[in-house]
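**Q** Work out the full structure, taking the sequences as your base and the hints as a guide.
Below are the chains, spelled out letter by letter.
Protein chains: 2
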Amino acid sequence: MTLRAASTAAADRARIRAGEHTGPTSGLAPGLAQANLVILPADESLDFPRFCVRNPKPCPLLEVTDTGSAHPDCVAADADLRTDLPRYRVFRDGRLVDEPTDIAQFWRSDLVAFLLGCSFTFEWALAAAGLPIAHQAQGVNVPMYVTNRRCISAGRFDGPLVVSMRPFAPDVISHVVDISARFPAMHGAPVHIGDPEEIGIDDLAAPDFGDAVVVGADEVPVFWACGVTPQAVAIQARPSLAIFHAPGHMFITDRHHDDFDTGESHDHP
Amino acid sequence: MTLRAASTAAADRARIRAGEHTGPTSGLAPGLAQANLVILPADESLDFPRFCVRNPKPCPLLEVTDTGSAHPDCVAADADLRTDLPRYRVFRDGRLVDEPTDIAQFWRSDLVAFLLGCSFTFEWALAAAGLPIAHQAQGVNVPMYVTNRRCISAGRFDGPLVVSMRPFAPDVISHVVDISARFPAMHGAPVHIGDPEEIGIDDLAAPDFGDAVVVGADEVPVFWACGVTPQAVAIQARPSLAIFHAPGHMFITDRHHDDFDTGESHDHP
Numbered sequence: 001m002t003l004r005a006a007s008t009a010a011a012d013r014a015r016i017r018a019g020e021h022t023g024p025t026s027g028l029a030p031g032l033a034q035a036n037l038v039i040l041p042a043d044e045s046l047d048f049p050r051f052c053v054r055n056p057k058p059c060p061l062l063e064v065t066d067t068g069s070a071h072p073d074c075v076a077a078d079a080d081l082r083t084d085l086p087r088y089r090v091f092r093d094g095r096l097v098d099e100p101t102d103i104a105q106f107w108r109s110d111l112v113a114f115l116l117g118c119s120f121t122f123e124w125a126l127a128a129a130g131l132p133i134a135h136q137a138q139g140v141n142v143p144m145y146v147t148n149r150r151c152i153s154a155g156r157f158d159g160p161l162v163v164s165m166r167p168f169a170p171d172v173i174s175h176v177v178d179i180s181a182r183f184p185a186m187h188g189a190p191v192h193i194g195d196p197e198e199i200g201i202d203d204l205a206a207p208d209f210g211d212a213v214v215v216g217a218d219e220v221p222v223f224w225a226c227g228v229t230p231q232a233v234a235i236q237a238r239p240s241l242a243i244f245h246a247p248g249h250m251f252i253t254d255r256h257h258d259d260f261d262t263g264e265s266h267d268h269p
Numbered sequence: 270m271t272l273r274a275a276s277t278a279a280a281d282r283a284r285i286r287a288g289e290h291t292g293p294t295s296g297l298a299p300g301l302a303q304a305n306l307v308i309l310p311a312d313e314s315l316d317f318p319r320f321c322v323r324n325p326k327p328c329p330l331l332e333v334t335d336t337g338s339a340h341p342d343c344v345a346a347d348a349d350l351r352t353d354l355p356r357y358r359v360f361r362d363g364r365l366v367d368e369p370t371d372i373a374q375f376w377r378s379d380l381v382a383f384l385l386g387c388s389f390t391f392e393w394a395l396a397a398a399g400l401p402i403a404h405q406a407q408g409v410n411v412p413m414y415v416t417n418r419r420c421i422s423a424g425r426f427d428g429p430l431v432v433s434m435r436p437f438a439p440d441v442i443s444h445v446v447d448i449s450a451r452f453p454a455m456h457g458a459p460v461h462i463g464d465p466e467e468i469g470i471d472d473l474a475a476p477d478f479g480d481a482v483v484v485g486a487d488e489v490p491v492f493w494a495c496g497v498t499p500q501a502v503a504i505q506a507r508p509s510l511a512i513f514h515a516p517g518h519m520f521i522t523d524r525h526h527d528d529f530d531t532g533e534s535h536d537h538p
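Chains as they are written, first to last, in this note's numbering: chain A, 1 to 269; chain B, 270 to 538.
Honestly, the hints are just simulated from the structure, not real lab data. Where hints are given, some of them may not hold.
Computed from the model, here is a short list of chain B residues facing chain A with C-beta under 8 Å [to be verified]:
1) Gly300
2) Pro318
3) Arg323
4) Glu332
5) Ile421
6) Ile448
7) Arg451
8) Pro465
Now the in silico label distances, taken between C-beta atoms and shown as ranges [what the hints assert, rightly or not]:
9) A:Ala205 - B:Arg425: 48 to 54 Å
10) B:Asp440 - A:Ala129: 27 to 33 Å
11) A:Ile152 - B:Ala398: 29 to 35 Å
12) B:Ser276 - A:Pro100: 50 to 56 Å
13) A:Ile152 - B:Arg425: 26 to 32 Å
14) B:Asp440 - A:Arg238: 57 to 63 Å
15) B:Asp477 - A:Gly68: 32 to 38 Å
16) A:Ala169 - B:Asp312: 52 to 58 Å
17) A:Val97 - B:Thr370: 52 to 58 Å
18) A:Val140 - B:Arg377: 51 to 57 Å
19) B:Val483 - A:Asp195: 35 to 41 Å
20) A:Glu20 - B:Asp440: 26 to 32 Å
21) A:Asn148 - B:Gly292: 41 to 47 Å
22) A:Asp258 - B:Asp464: 53 to 59 Å
Some chain B residues well away from chain A (every beta-carbon gap over 12 Å; in silico) [unchecked claim]:
23) Ala279
24) Ala283
25) Arg284
26) Val366
27) Asp447
28) Asp487
Using N, Cα and C, we set each Cβ at its ideal position, and we do this for glycine too.
**A** Here it is, written out as structure tokens:
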């Protein structure tokens, strides 16, 4: 990680904290990994890390804060999870109650924050390899679908796997798979390639979240485990309080995408 | 995972359960991943998964059982962690009290078992690539050392990084790094290459655990984060009860080494 990169992240978080940026974080702090946020009361969260360990593709854990701490020191210095995301979604007993730009008023000494990997990192690697990302080219959000595959449950945390979809030409799919596989902390390799019906998706044009993308006649849909999964599962568990990032309004870390690349050549003496 | 492989694992676990094998597990169930075991009382273990998430290289979490359950269903069908390892080490308040071949008498409904990745998997991949493993060639245990690098603490869980060392010729080190990096759930890429003193090791011939190996005049020591780290850290936290696998006496999973290879080419339609 370079100092410049970390200072870019800190500067973007400071702008967000000051209320100068309240939109999605796509494109901010280029080169740096962003993360999904899940906040739960400690005594209702005990099974959540179990759920994540059992379902590492949708739920790659990057950090778990100390109980009562909003500071994810391992992935971002001087950050505050109460203010440093542009928008949040607050749920009580499984029902959305607020979508604020900071959560200072909701914070309590018994809350635990979980940060999970985000697809922006493998999308960055795909783009760096010259592979086109359809939803970016079409200027929409990535389409996401609830599948017929169940996650492995842990206590009250249970539910279906949610996937994101990006179409690619058949001759580059092997490349797409290999590149994304190098980032297991960022959802890793696809979970399914081809026929949507095989994973319970009836209509690609009607995603459950995000926007539909045009799939070319010569393209094949490729599906990745999606960070919406832990959010959907946590809502379904109906904890007394649950706070998430608003869709697309992620947490910006100090860590470079390369830090999560298991296929990168490493320098050594 | 092939059926044959899973049945090999089940057969070896059954032999161990029956007391027919009480020695180290190196060489058993070829091709299948083995795991480190840490068992703690639930109310003293809350910070342990935090510690693991913050220190993923020494502590890659593969499974966390339900409280009171000795069955790691996600990684091994029909296994029982109370009987399926050849030998255990039992600590009370940080002191070794027993080294039994099963832990049925110690099991309680409030215990949680953690399984963590093991270096056998990347050693398998190195050997498959024709790279010689010195301690195997010399018929001894891998040498392990306490370093001057501290892990990131979580509550009472704190301590130095412990590393294992394998020497290689300079011209293959790049290959060694790339291969082990493909297995982040099995300690991943080395944490240090070269001068032992840089990480606080004064004498390679005097490892803190395991056996010394002969390092050839043309060889460079390569150091990996080691699964002894979470064990040392858990003992140092002095929980009322802690149970581990005895060194080298690992848990055999049903999962093939390839399942953890982020660089493997994946089949697709």
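**Q** Against chain A, run the beta carbon of Glu332 of chain B and see if the smallest gap drops under 8 Å.
**A** Holds, about 6 Å.
**Q** So the hint says 27 to 33 Å: do the beta-carbon atoms of Asp440 of chain B and Ala129 of chain A match that?
**A** Holds: the Cβ-Cβ distance is about 28 Å, inside 27 to 33 Å.
**Q** Would you assess whether Arg284 of chain B, listed as outside the interface, keeps its beta-carbon beyond 12 Å of every beta-carbon in chain A?
**A** 28 Å, holds
**Q** 26 to 32 Å was suggested as the range; check whether the CB atoms of Ile152 of chain A and Arg425 of chain B agree with it.
**A** 29 Å, holds
**Q** Mind checking the CB of Arg323 of chain B against every CB in chain A and telling me if the closest is under 8 Å?
**A** 5 Å, holds
**Q** Is Ala283 of chain B truly not at the interface, in the sense that its beta carbon sits beyond 12 Å from all beta carbons of chain A?
**A** Ala283 of chain B is indeed farther than 12 Å from all Cβ atoms of chain A, at 24 Å.
**Q** Is it true that Ala169 of chain A and Asp312 of chain B lie within 52 to 58 Å of each other by Cβ?
**A** The hinted range 52 to 58 Å holds for Ala169 of chain A and Asp312 of chain B, with Cβ atoms some 54 Å apart.
**Q** With 12 Å as the threshold, tell me whether Asp447 of chain B passes as away from chain A on beta-carbon distances.
**A** 7 Å, violated
**Q** Lying within 41 to 47 Å: is that true of the beta-carbon distance Asn148 of chain A to Gly292 of chain B?
**A** 45 Å, holds
**Q** Beyond 12 Å on every Cβ pair: is that true for Asp487 of chain B relative to chain A?
**A** 15 Å, holds
**Q** Could you see if the CB distance from Asp440 of chain B to Arg238 of chain A stays within 57 to 63 Å?
**A** 58 Å, holds
**Q** Quick check: does the Cβ-Cβ distance between Val483 of chain B and Asp195 of chain A fall within 35 to 41 Å?
**A** 56 Å, violated
Hint check: violations occur at hints 1, 6, 8, 19, 20, 22 and 27; the rest are consistent with the structure.
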